[in-house]
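*Asks:* With the hints as constraints, model all of the structure from the sequences given.
Heads up: the sequence shown begins at 1 in full-length UniProt numbering, then just goes up one per residue.
I should point out that these hints are in silico values taken from the structure, not numbers from a laboratory. All values reported here derive from a predicted model rather than from experimental measurement. Mixed in with the good hints, there may be bad ones.
Said to hold, decoys possible - Derived pair list, reagent style BS3-like, types lysine-lysine, alpha-carbon separation capped at 25 Å:
hint, residue 1, residue 2
1, K315, K326
2, K479, K162
3, K215, K368
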Amino acid sequence: MNKNSNNINNNKNNSNNNKRRRRRRRRRRRRRTKEEEEEEEEKKKKKRGRIKKGLFNPFPVEYSLKRVVHSLMEECHLSTLCLRQDGDAFRPGAVVSPGTAAGDTDCHPGNPSLAPNSTEHPATSGEAVSGRGAGDVFSVYFGSTLVVVISSYELLRETLVKQAEFFSHRHADGLLPVLKVPEGKLTTGTNILQRYSPTLIVWSCVVSSSGEVWKENRTLTLNLLRSFGIGKLEMAENIIEEVSAYLAEIAKIGGKPLDPKQITSRSVSNVICRFLIGKRYEYDDPAYARLLEMYQDAVDLGKSSGPLHWFPNLKYLPGDVFCHRKLLRNYAEFSEFADKIIQGVIKRENQDCNEDNFIASYLEEQKKRESSGKPTHLNRNNLERCMGDLLTAGTETTTTTLLWFYLYMLHYPQVQDKIYEEIERQIGFSRLPCVADKSKMNFLHATILEVQRISSIVPLSLLHRVSERVTVRGYTIPKDTMIIPHLDAVHFDAKIWGDPHNFRPERFLNDKGDVVQPEQFIVFSLGE
Numbered sequence: 001m002n003k004n005s006n007n008i009n010n011n012k013n014n015s016n017n018n019k020r021r022r023r024r025r026r027r028r029r030r031r032r033t034k035e036e037e038e039e040e041e042e043k044k045k046k047k048r049g050r051i052k053k054g055l056f057n058p059f060p061v062e063y064s065l066k067r068v069v070h071s072l073m074e075e076c077h078l079s080t081l082c083l084r085q086d087g088d089a090f091r092p093g094a095v096v097s098p099g100t101a102a103g104d105t106d107c108h109p110g111n112p113s114l115a116p117n118s119t120e121h122p123a124t125s126g127e128a129v130s131g132r133g134a135g136d137v138f139s140v141y142f143g144s145t146l147v148v149v150i151s152s153y154e155l156l157r158e159t160l161v162k163q164a165e166f167f168s169h170r171h172a173d174g175l176l177p178v179l180k181v182p183e184g185k186l187t188t189g190t191n192i193l194q195r196y197s198p199t200l201i202v203w204s205c206v207v208s209s210s211g212e213v214w215k216e217n218r219t220l221t222l223n224l225l226r227s228f229g230i231g232k233l234e235m236a237e238n239i240i241e242e243v244s245a246y247l248a249e250i251a252k253i254g255g256k257p258l259d260p261k262q263i264t265s266r267s268v269s270n271v272i273c274r275f276l277i278g279k280r281y282e283y284d285d286p287a288y289a290r291l292l293e294m295y296q297d298a299v300d301l302g303k304s305s306g307p308l309h310w311f312p313n314l315k316y317l318p319g320d321v322f323c324h325r326k327l328l329r330n331y332a333e334f335s336e337f338a339d340k341i342i343q344g345v346i347k348r349e350n351q352d353c354n355e356d357n358f359i360a361s362y363l364e365e366q367k368k369r370e371s372s373g374k375p376t377h378l379n380r381n382n383l384e385r386c387m388g389d390l391l392t393a394g395t396e397t398t399t400t401t402l403l404w405f406y407l408y409m410l411h412y413p414q415v416q417d418k419i420y421e422e423i424e425r426q427i428g429f430s431r432l433p434c435v436a437d438k439s440k441m442n443f444l445h446a447t448i449l450e451v452q453r454i455s456s457i458v459p460l461s462l463l464h465r466v467s468e469r470v471t472v473r474g475y476t477i478p479k480d481t482m483i484i485p486h487l488d489a490v491h492f493d494a495k496i497w498g499d500p501h502n503f504r505p506e507r508f509l510n511d512k513g514d515v516v517q518p519e520q521f522i523v524f525s526l527g528e
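*Replies:* Right, dumping it as structure tokens:
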């Protein structure tokens, strides 16, 4: 009996304990807030999602393809590095061997950090900027293309100036495609890729072309720039007017924080538009805003399209991994925009409205040369390409210089104070500056030069192509080798500048306070 009664009591106690535990659990559940339950449910969903995706599907297809391609490029680079080793002649980083016999050029892959689409800009690392890391000249293979990087001012001058006939050609199969369309007409329709056959050739006419096309269009462009007053009073008046509009636009912000990039780009581009079209745009003009968006999109897309320079067939990968189709549509839209502008100029010319701008003058010169029966490379397609060159080169370099100038003035208020004192002393506040004041503003001029030197406006110049096998100071360079002038290495050479990493405008002034510009200041490269 005692045993049975004990068992019964134990069972009752266990049952009571279980009931109490269940009641406590129910109370705890009731105490949970709705937010906690939602947070827990979200964690469960994420966990289930990771399991469903599996090991090989955590990323979008474009990202995965890009990773695969970059891995293959690295493997190809390492394989080439191993295959081309030939005893003592192999010297990574200084790879175009001096005094090489014909047909036996030792050109080995050099610094892999210069590979297309590298995460680190080659000109930003300490060794690269100083030029000491790989010497005055080294080479690297981008795909099957041999690229020679020249980091010495003396070598750059000897190649790009003294032997310009061999080094003035441009990369044969540039990045941006040009559409072969009858009568220069382009469309931005959805089936543009099926309608027209794109070819990877250089879209630029003045900056990145070669031969007679480059020579004829460049000569005419420079003549027109001079005739329209570049560096003269007429252009200065247009710039002053644009600066006034620029300052008025900034004043509308009312002293609030401002990213000056967009408004500065629009102001600088307006100066170019006055020369091209004969008019300026209002900053809030939607067509003008879209034009600058197209330009910025082209710059951004170009950063993702680097490997297409050297591996053109990558454009056939699914998903537009390297933005080839986006670039194609971007160029088509720009060409359509340029075509509308040209048509407007032609229409006004037919109505006997004599316009004084680049487009009208180009078309007039084209008619003269065509009527004379002489062959000419002046045509609508090249006119559009010249417009793109002028807008891009004119806007980007000036805008970048101004933005760096603002930044350095913020960090060096003592330099800003000296510029202010010079303006107050030489110009005063009763009038606007003019062209004649430039010769009096030596410290301001020196500061602009120092900003361009130290801020790497153009760290690596345009690619040059070697037209024939040539020997330079014992270095044998094969035909069709690509040359990259490393301008940063020159601008940060301690032998030239003494303290290149210090911001010091006085380096461009002599003892008398006059501006002295050393020949090694090559912010926009050398030669043709």
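*Asks:* Now, for every hint given, state plainly whether the structure supports it.
*Replies:* Here is what the structure says about each hint:
1. K315 / K326: 11 Å, holds
2. K479 / K162: The given pair, whose Cα atoms are some 18 Å apart, holds under the 25 Å limit.
3. K215 / K368: 18 Å, holds
Checked against the numbered hints given earlier, the structure satisfies every one of them.
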